[in-house]
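Engineer: The task is simple: from the sequences and hints, build the whole structure.
Going line by line, the protein sequences match chains A and B. Numbering follows our numbering, with no gaps: position 90 of the first sequence is 90. Numbering follows our numbering, with no gaps: position 94 of the second sequence is 94.
Since the hints were made in silico from the structure, they are not lab data. Fair warning: this is a prediction, and the values are worked out from it, not measured in the lab. Careful, some of the hints might be misleading.
[As the list claims (entries may be wrong)] Straight-line alpha carbon distances no greater than 35 Å define the calculated DSBU-like cross-link-like pairs of lysine-lysine that follow:
1. B:Lys55 x A:Lys251
2. B:Lys32 x B:Lys55
3. B:Lys5 x A:Lys517
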Amino acid sequence: MSDQEEQRTWSLSKQEKRLSMSFMYVTFISLLIGGLMGLLQTLVRSGTFSLPWGIGYYQILTVHGVILGLVLTTYFIIGFQYTLMNKTVGMSHKQRQTAWLGFWVMVVGTIMASITILLGKASVLYTFYAPLKAHPAFYIGLALVIIGSWIACFVNFRQLQVWKKQHKGEKSPLLAFMVVINMLLWFIATLGVAAAVLVQFIPWSLGYAETINILISRTLFWYFGHPLVYFWLLPAYMAWYAIIPKIIGGKIFSDSLARLSFVLFLMFSIPVGFHHQLTEPGIDPVWKFVQVTLTFMVIVPSLMTAFSMFATFETTGRKKGFGGLFGWFKHLPWKDVRFLAPMIGMLAFIPGGTGGIINASNQLNQVVHNTIWVTGHFHLTVATTVILTFFGLSYWLIPALTGRKLTSKINKLGIIQTVIWTVGMTIMSGSMHIEGLLGAPRRSSYSTYGGTEQASDWIGYQIAQAVGGTILFVGILLMVYIFIQLVFFAPKGEEDFPIAEEEPDAEPTPRFLENWKLWIGLTIGLILIAYAIPFMDIIQNSPPGSPPFDWPIGNS
Amino acid sequence: MHLHKYERIWLLFGTGSLVVFLLIIGFGAFYKGAQPPSEKITIDPQNVEAQESFKKENLGLTKVEDGKYIVNVVASAFNYDLGKDEDGSNVKKLRIPKGSTVLFQVTSKDVVHGFELAGTNVNMMVEPGYISSYETELNETGEYTLVCNEYCGTGHHLMFAEVEVYE
Numbered sequence: 001m002s003d004q005e006e007q008r009t010w011s012l013s014k015q016e017k018r019l020s021m022s023f024m025y026v027t028f029i030s031l032l033i034g035g036l037m038g039l040l041q042t043l044v045r046s047g048t049f050s051l052p053w054g055i056g057y058y059q060i061l062t063v064h065g066v067i068l069g070l071v072l073t074t075y076f077i078i079g080f081q082y083t084l085m086n087k088t089v090g091m092s093h094k095q096r097q098t099a100w101l102g103f104w105v106m107v108v109g110t111i112m113a114s115i116t117i118l119l120g121k122a123s124v125l126y127t128f129y130a131p132l133k134a135h136p137a138f139y140i141g142l143a144l145v146i147i148g149s150w151i152a153c154f155v156n157f158r159q160l161q162v163w164k165k166q167h168k169g170e171k172s173p174l175l176a177f178m179v180v181i182n183m184l185l186w187f188i189a190t191l192g193v194a195a196a197v198l199v200q201f202i203p204w205s206l207g208y209a210e211t212i213n214i215l216i217s218r219t220l221f222w223y224f225g226h227p228l229v230y231f232w233l234l235p236a237y238m239a240w241y242a243i244i245p246k247i248i249g250g251k252i253f254s255d256s257l258a259r260l261s262f263v264l265f266l267m268f269s270i271p272v273g274f275h276h277q278l279t280e281p282g283i284d285p286v287w288k289f290v291q292v293t294l295t296f297m298v299i300v301p302s303l304m305t306a307f308s309m310f311a312t313f314e315t316t317g318r319k320k321g322f323g324g325l326f327g328w329f330k331h332l333p334w335k336d337v338r339f340l341a342p343m344i345g346m347l348a349f350i351p352g353g354t355g356g357i358i359n360a361s362n363q364l365n366q367v368v369h370n371t372i373w374v375t376g377h378f379h380l381t382v383a384t385t386v387i388l389t390f391f392g393l394s395y396w397l398i399p400a401l402t403g404r405k406l407t408s409k410i411n412k413l414g415i416i417q418t419v420i421w422t423v424g425m426t427i428m429s430g431s432m433h434i435e436g437l438l439g440a441p442r443r444s445s446y447s448t449y450g451g452t453e454q455a456s457d458w459i460g461y462q463i464a465q466a467v468g469g470t471i472l473f474v475g476i477l478l479m480v481y482i483f484i485q486l487v488f489f490a491p492k493g494e495e496d497f498p499i500a501e502e503e504p505d506a507e508p509t510p511r512f513l514e515n516w517k518l519w520i521g522l523t524i525g526l527i528l529i530a531y532a533i534p535f536m537d538i539i540q541n542s543p544p545g546s547p548p549f550d551w552p553i554g555n556s
Numbered sequence: 001m002h003l004h005k006y007e008r009i010w011l012l013f014g015t016g017s018l019v020v021f022l023l024i025i026g027f028g029a030f031y032k033g034a035q036p037p038s039e040k041i042t043i044d045p046q047n048v049e050a051q052e053s054f055k056k057e058n059l060g061l062t063k064v065e066d067g068k069y070i071v072n073v074v075a076s077a078f079n080y081d082l083g084k085d086e087d088g089s090n091v092k093k094l095r096i097p098k099g100s101t102v103l104f105q106v107t108s109k110d111v112v113h114g115f116e117l118a119g120t121n122v123n124m125m126v127e128p129g130y131i132s133s134y135e136t137e138l139n140e141t142g143e144y145t146l147v148c149n150e151y152c153g154t155g156h157h158l159m160f161a162e163v164e165v166y167e
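Structural biologist: Written out as C-alpha cells, the structure reads:
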C-alpha cells in the first residue's frame, strides 16, 4: 500500500476531533471579541463616536492586536495542524495527552493576559515596547501562551519521528512535512521573544531589575515579529498546495517544488527582523541592508507558489476539456466556497505582497514607516489572504470534526460572507493605504492635530475605514453564525477531508529535501550571519538602561 | 530536481527583477548615501541635558549658516520640546524658509516615540538612550504636521507640532 492510499484511510478518532475542536472554539470566540474591538476602533477614529464607561482607545487596540494577531491565529493554526498530522501520520495516546497539556497552558496564559488588558493594566499594544510597563501578569500570560505552543511543536515533531521509524525509507506525507517546517520556524522564532519576555521583561516588571536595554528588547521582538507573519501564512500555503487542488478536482502540481518552497521559507523568514527597524538608531546601516537583501529572498518561494497555483488551475481546467486562453479560469468552481474564499485570499496576496516589498525596501520604508499604510498592508495580507483561507478551510474542517455536512444553504451563506469580507476589506484597507501615503500615523486615537490642513485631509479616509470596518463586522457576525450552524445544527453526516495527490507519473521527490539537519543547520548559519555581529555591536555600544514607565499607559 | 520550463523562465525573471531592485537600493544606499537614520550615538535618557544639543537653550530651530538649520528636539510623553520663544512660552510651530537644509536631531527622555514630518521623508523612531538624526532639504512650501507615529501612551495622539516652510 503506498503512503497516499494510507492517507486516505487514516480517519480521525473521536478524541482527536475533540482536541482540534477545542482550538477552533477559542478561534471563533476570539474572532468575535477581536472583531468587535476592530469595529469600535474604526468608529472612534471616524470622529463620530467615543467609548463609554471610561474604556480607553488604546485598551481596545491592545485587545484587538493581541486577540486577533496572537490568539486567534495561533489557536487556529495549531488546531488545523493537529488534524493534518493526525490525518497523515497519526497520533498516539501519549501524544494526545501532551497536546492537551499544551492547550491548557495556552488557555491559562491567554486568560491571564486578557484579564490584565481588560483591567486597563496592560495598554501596551501587541508589540509591548519597553520601557512602557504593563502589569507582570501580562508578560507571564504571554510567556505561557508561547510555552504552550512549544508543547504543540514537540508533539508535531514527535508524530513525524514516530511515523518515520515505522516507515523506513519512505518519504513523509507532504502535509506532515509542511507542518513540521512551520513549527520549526515558529520554535526558532519564538526563542527570541521568549528570551526577551523571560530574561528582560518579567524580572524588570516585577522590580528585580532596575532598567531594561531597549534596543535588545526590540531586536529580540522583531527577530520573532517577521517569522510570525510566515507562521500565519504557511498554513494558508499548505491549503493552497495540497488541499485546494483536490477541491477543484486536480492533482498536486509538484511535490518537490512545494517542499522546496517551504524549506526556503524556513531559511529566509527568520534572519530578516531588521527591516522592521530600518528607521531606528543604534543599528549599523550596513547590517540593515544585509537583512533587507535577505528579506527579499522570501519573494522567491512566493513566486514559486504563485506559479504552482495557477499551473494547477490551468492543468485541471484543461484536463476537464475547457480550452481557450482563459476558458479554464472561468470554469473553476467559483460557486464552491471551499474554493472561492481561499482563491480571493490568493488574489489579495498579489497587492499584499507588493506592499510588503515596499515596506521592506531600505528607503521606501521611510515614506511609509509607522503610517497607517502599514496597517492597510497587514489587513490585506493577514486579515484577507490568511483569514479568508482559514475561513475557506473551516467550511469543510469544522463539519469533518463535528460529523456534520456542509449544506448548500451554508455554502451559499459562505459565498455571501466571502463577498462581504472582500468588499469591506477593499474599502478599509484601500483607504488605509492612501491615507498612509498622505502621512497619517497608525496606532493613534482620533485627533485633529491642532486642526492642521493635513490632518483634516485624513479624516475623510478615516470615515471610509469606519464604513469598511462596519461591513467587516457584519462579515464576522455571519462567519460566527456559520460556525455555530456547522457545529450544532447542520445535518449529521461525513464530510470529505480533501487531501490532494500527486500525478501518477510524477517524478520522485529528491531525498535531500527531507534532510532536516541540513535545513536547520543552514537556517542557524543564516541567523548567525545576520545577527551575530550587529547584536554584539548593540551590546557593546549600549546606553544606560531605561527604568520602567507605567503612568503613560495609565497603569500607575 | 526537475523544474518545468515555464517555471524556470518565471523564476529567472522574478529573481532577476529582485537582483536589479536590490542593486538600485544598494546604489542609493552606498553610493548616493540615502541611508536610513542610523546614528549610533548613545545618550543617558535620564540626563539628556548633559549633551550639548539637548541643553534647554539649544532646543528648537537654530540657524547654522545661510540656508542651513538644525532642529533639536527632546521628545517625552506627550510633547515635543522645541524650546521657548522670547515670551517664555513653549514653541509649537517652527518657520523655516523654503530650500533650506535642515538637520533634525531628536532624543527621548522617557519611552519610545515616533518623529514624522507628514508628507516628507523625515520619519524616525526615537528611543531612549539614542540620538536619532536625519538631514533633509525642505523644497516645498506648506504647513507640515509633525506627528508622533509610535504609540507612547494614552496621550499619544495629542503629541504633535507644526513646521511651516515659507517662500
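Engineer: Does the structure break any of the earlier hints, and which numbers would those be?
Structural biologist: 1
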